[in-house]
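Enquirer: As a plain string of letters, each chain reads:
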Amino acid sequence: MAASSEAQSSAPSVSLWNDPKKRALIYQAIVMIALIIVAAYIINNTAANLEKRGIASGFGFLQSPAGFDVGMSPFLKYDAAKATHGTVLTVGILNTLLVAFTGIVIATVLGFIMGVLRLSSNWLVSKLAYLYVEITRNIPLLLQLLFWYFAVLGTLPSKRDSISIFDLFFLNIEGLFGPLPIPQDGFWMVGMGLIVAIVAVIFIKKWAQKRQDETGQPFPVFWVSLALLIALPLIGAAIAGFPLEFEHPQQNRFGLRGGMIILPEFAALVLGLSLYTAGFIAEIVRAGIQAISRGQTEAAYALGVKPGITMRLIIIPQALRVIVPPLTSQYLNLTKNSSLAVAIGGAEIVAIFAGTSLNQAGQAIEIIAITMAFYLTVSLLISMFMNWYNRKIALVER
Amino acid sequence: MTDLSYVRKESHPDLPPPKSEVGVIAWLRQNLFSNWVNTLLTAAALYLLYKAVPPLFNWMFWEADWSGKTYQDCTSDGACWAMVRVRFDQFMYGFYPVDERWRINLGFLLLLGTGIPLLIEGVPFKKYLAIFVFLIYPFIAFMLFYGGMGLTVVETNEWGGLMLTLVLATVTIIVSLPLGVVFALGRRSNMPVVRIICVAFIELWRGVPLITVLFMGSVMLPLFLPPGTHFDKILRTLIVMAFFAAAYMAEVVRGGLQAIPKGQFEAAQAMGLSYWKMMGLIILPQALKIVIPGIVNTFIGLFKDTTLVLVIGLLDFLSIIQSATTHKNWLGTATEGYVFAACIYWIFCFGMSRYSITLERRLDTTHRD
Numbered sequence: 001m002a003a004s005s006e007a008q009s010s011a012p013s014v015s016l017w018n019d020p021k022k023r024a025l026i027y028q029a030i031v032m033i034a035l036i037i038v039a040a041y042i043i044n045n046t047a048a049n050l051e052k053r054g055i056a057s058g059f060g061f062l063q064s065p066a067g068f069d070v071g072m073s074p075f076l077k078y079d080a081a082k083a084t085h086g087t088v089l090t091v092g093i094l095n096t097l098l099v100a101f102t103g104i105v106i107a108t109v110l111g112f113i114m115g116v117l118r119l120s121s122n123w124l125v126s127k128l129a130y131l132y133v134e135i136t137r138n139i140p141l142l143l144q145l146l147f148w149y150f151a152v153l154g155t156l157p158s159k160r161d162s163i164s165i166f167d168l169f170f171l172n173i174e175g176l177f178g179p180l181p182i183p184q185d186g187f188w189m190v191g192m193g194l195i196v197a198i199v200a201v202i203f204i205k206k207w208a209q210k211r212q213d214e215t216g217q218p219f220p221v222f223w224v225s226l227a228l229l230i231a232l233p234l235i236g237a238a239i240a241g242f243p244l245e246f247e248h249p250q251q252n253r254f255g256l257r258g259g260m261i262i263l264p265e266f267a268a269l270v271l272g273l274s275l276y277t278a279g280f281i282a283e284i285v286r287a288g289i290q291a292i293s294r295g296q297t298e299a300a301y302a303l304g305v306k307p308g309i310t311m312r313l314i315i316i317p318q319a320l321r322v323i324v325p326p327l328t329s330q331y332l333n334l335t336k337n338s339s340l341a342v343a344i345g346g347a348e349i350v351a352i353f354a355g356t357s358l359n360q361a362g363q364a365i366e367i368i369a370i371t372m373a374f375y376l377t378v379s380l381l382i383s384m385f386m387n388w389y390n391r392k393i394a395l396v397e398r
Numbered sequence: 399m400t401d402l403s404y405v406r407k408e409s410h411p412d413l414p415p416p417k418s419e420v421g422v423i424a425w426l427r428q429n430l431f432s433n434w435v436n437t438l439l440t441a442a443a444l445y446l447l448y449k450a451v452p453p454l455f456n457w458m459f460w461e462a463d464w465s466g467k468t469y470q471d472c473t474s475d476g477a478c479w480a481m482v483r484v485r486f487d488q489f490m491y492g493f494y495p496v497d498e499r500w501r502i503n504l505g506f507l508l509l510l511g512t513g514i515p516l517l518i519e520g521v522p523f524k525k526y527l528a529i530f531v532f533l534i535y536p537f538i539a540f541m542l543f544y545g546g547m548g549l550t551v552v553e554t555n556e557w558g559g560l561m562l563t564l565v566l567a568t569v570t571i572i573v574s575l576p577l578g579v580v581f582a583l584g585r586r587s588n589m590p591v592v593r594i595i596c597v598a599f600i601e602l603w604r605g606v607p608l609i610t611v612l613f614m615g616s617v618m619l620p621l622f623l624p625p626g627t628h629f630d631k632i633l634r635t636l637i638v639m640a641f642f643a644a645a646y647m648a649e650v651v652r653g654g655l656q657a658i659p660k661g662q663f664e665a666a667q668a669m670g671l672s673y674w675k676m677m678g679l680i681i682l683p684q685a686l687k688i689v690i691p692g693i694v695n696t697f698i699g700l701f702k703d704t705t706l707v708l709v710i711g712l713l714d715f716l717s718i719i720q721s722a723t724t725h726k727n728w729l730g731t732a733t734e735g736y737v738f739a740a741c742i743y744w745i746f747c748f749g750m751s752r753y754s755i756t757l758e759r760r761l762d763t764t765h766r767d
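Residue numbers (the numbering used here), protein chains in the order written: chain U, 1 to 398; chain C, 399 to 767.
Accuracy of the hints is not assured; some may be wrong.
Unchecked claim - Reference excerpt, derived from the structure (chain U facing chain C, CB under 10 Å, subset only): (1) L25; (2) Q28; (3) N45; (4) K52; (5) G54; (6) K127; (7) L141; (8) L143; (9) S338; (10) S339; (11) G355; (12) T356; (13) I367.
Bear in mind the hints are in silico, worked out from the structure with no lab data behind them.
From the three backbone atoms N, C-alpha and C, an ideal C-beta is built for every residue, glycine too.
Can you make the complete structure from the sequences, with help from the hints?
Expert: Quick look at the structure:
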């Protein structure tokens, strides 16, 4: 105390400790030094441990053969005999992205439906939606995944007597089998038709907007776009002589082979993730709609706008501003939660790379670091995209 | 002259509203059959309920088996609750020695006895209760659960079941809350080095899934310590889970700090309060009060996330049920196990979320018309 009062009396030369700026510098130096010491300690220990266990660090293991089967690889041919840990990583990343994308689409659709139903004037429907939300939100996701995988999909019939749907799809314990479309020569015509259709739709939308701004006459953009998007690729296909063949699953001694297959692990994962996240999205949507004042609805009704159009053109666009930020974090959660596939033997990055590859190659630090870096990148990309979308729909004030 | 006209001296008593406007019928008309869309929706919902509810009740109660020694004893069509009955003690205590289980009961009763009053409004001596729960109780609980001071030591590999789940959840919350406050303050600090470190820490932990964090705890953490150090598996899990939770907690607390008007900071500084006094006496009491619902919500998420320790081989509540249903005596009881687990988790989480909503209403001092 004595020192500080002395320092205060000699005003111009403030002691080091009582000058906030210098004090801050000292604090930061201390924090920095502490951090460096801890880091050095950890690195030193890790090096000693690795040396003791005879593990060479580095990313060379990505080129060494993996030698195990990953179960699911819809995007690139996976050959267990030739695959390296690098291939496993690629397959894992692609599968994770597929799960996340499918899950986000289903969860968003279901979540919006449930959120709107929750606000329905129909008492019974609203209470059922409430029941759905409270059940999915309050039970751990892992438990839900295990339930879908073991208790529901586990009761499917064995591969000998699979359920047949129109002789096209077959459902059994090994998954859902269906015909796999294989494009033949000339398939580019269909793609061409689709591209032309998309370009046309963009132009029609702009033209319709301009016409409505000028003359007030609406144009049925949605139906025309839909017709174009279906018709043009079909015309392309007709010109090329329908260049598409289907590979149907064949029954042989070991069960169904060939065709397109949706594995039960994938189905359970997507089902569990989307049902769980939809519960949260429903609550976000409900809160967002309720945040829009009743006056907006009443004003729309007073102008004679129909309830459906009121919802679509007046309430939802305003509610989106409230909905998008928390929705972003739900998308991030869903992506991160896809890592739970490891519990039901799925084939995404944590299960096959941070699980099997880690056990085989033993490069714990490198593998965990790569996995974490992947998730950080995805998190960053999703939040960047959603921030861009959020800016786009944000209220433009004068 | 006689008064021929009739003038009523008193007003006519109010007539009841028409039958179609009150009572059950009106309610039904307004809420279920107001227009044809609603009528269709009601019909669909009723059909759904008719298809789902009776079979569910049949399976869960009327046709269920309640006693037996193996799955073969469950002969009816319904659920085989005998499994839950036989294994119930294990689900609660894991492989904790039977003679020592009173210690767990005592430990959790103590927590309930001191923790619940802390959550109720208007209970006196809250300050002392909080000091007890956050500073003294952890040591008592450690002594009770692990042993020492005359009690037999129970190694952590014998811990399991609901007890382990609650230990993981409680320790994580008690550690992560103060840690989260520190990181939130660091993130709002004026010192660039401190701020950058805190931002990096928070975003790193929040950007990765808990499973990779748990993997890190089980395979990487032992590498960070001097060779030959024995490091308990549950302790490792607790450490990484506490850091993970602290990052989320920090963001919740930061929300509260940002909601405090700048005038509060300036007034405190004008009074000559030091940084820690300003934070401890003026800012944090207000900020933490605002974010209590957020903290409870984070805690619900954490409680659900404790199930992930199944992946690294700890026998928590879900994991021990999962292993019971794969035992040869009880093969085929997976659904029963999951339904039982779901009920217990649901009760905990729903209770906490109700509490959070009540708090939100109580703390909401905005005036609504």
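Enquirer: With reference to the structure, classify each hint as holding or not holding.
Expert: Against the structure, the hints come out as follows:
1. L25: With a closest approach of 8 Å, the L25 of chain U hint holds.
2. Q28: Q28 of chain U check passes; min Cβ-Cβ to chain C is 4 Å, inside 10 Å.
3. N45: holds (5 Å)
4. K52: At about 5 Å, which falls below the 10 Å cut-off, the nearest Cβ of chain C leaves the hint on K52 of chain U intact, so it holds.
5. G54: violated (13 Å)
6. K127: Given a least distance of 9 Å, the restraint on K127 of chain U holds.
7. L141: holds (7 Å)
8. L143: holds (6 Å)
9. S338: The hint holds - S338 of chain U has a Cβ within 10 Å of chain C, the shortest such distance being about 8 Å.
10. S339: Given a least distance of 4 Å, the restraint on S339 of chain U holds.
11. G355: Holds: closest Cβ of chain C sits about 8 Å from G355 of chain U, inside 10 Å.
12. T356: violated (12 Å)
13. I367: Check passed: Cβ of I367 of chain U comes within 9 Å of chain C, closer than 10 Å.
Consistency note: the structure conflicts with the earlier hints numbered 5 and 12.
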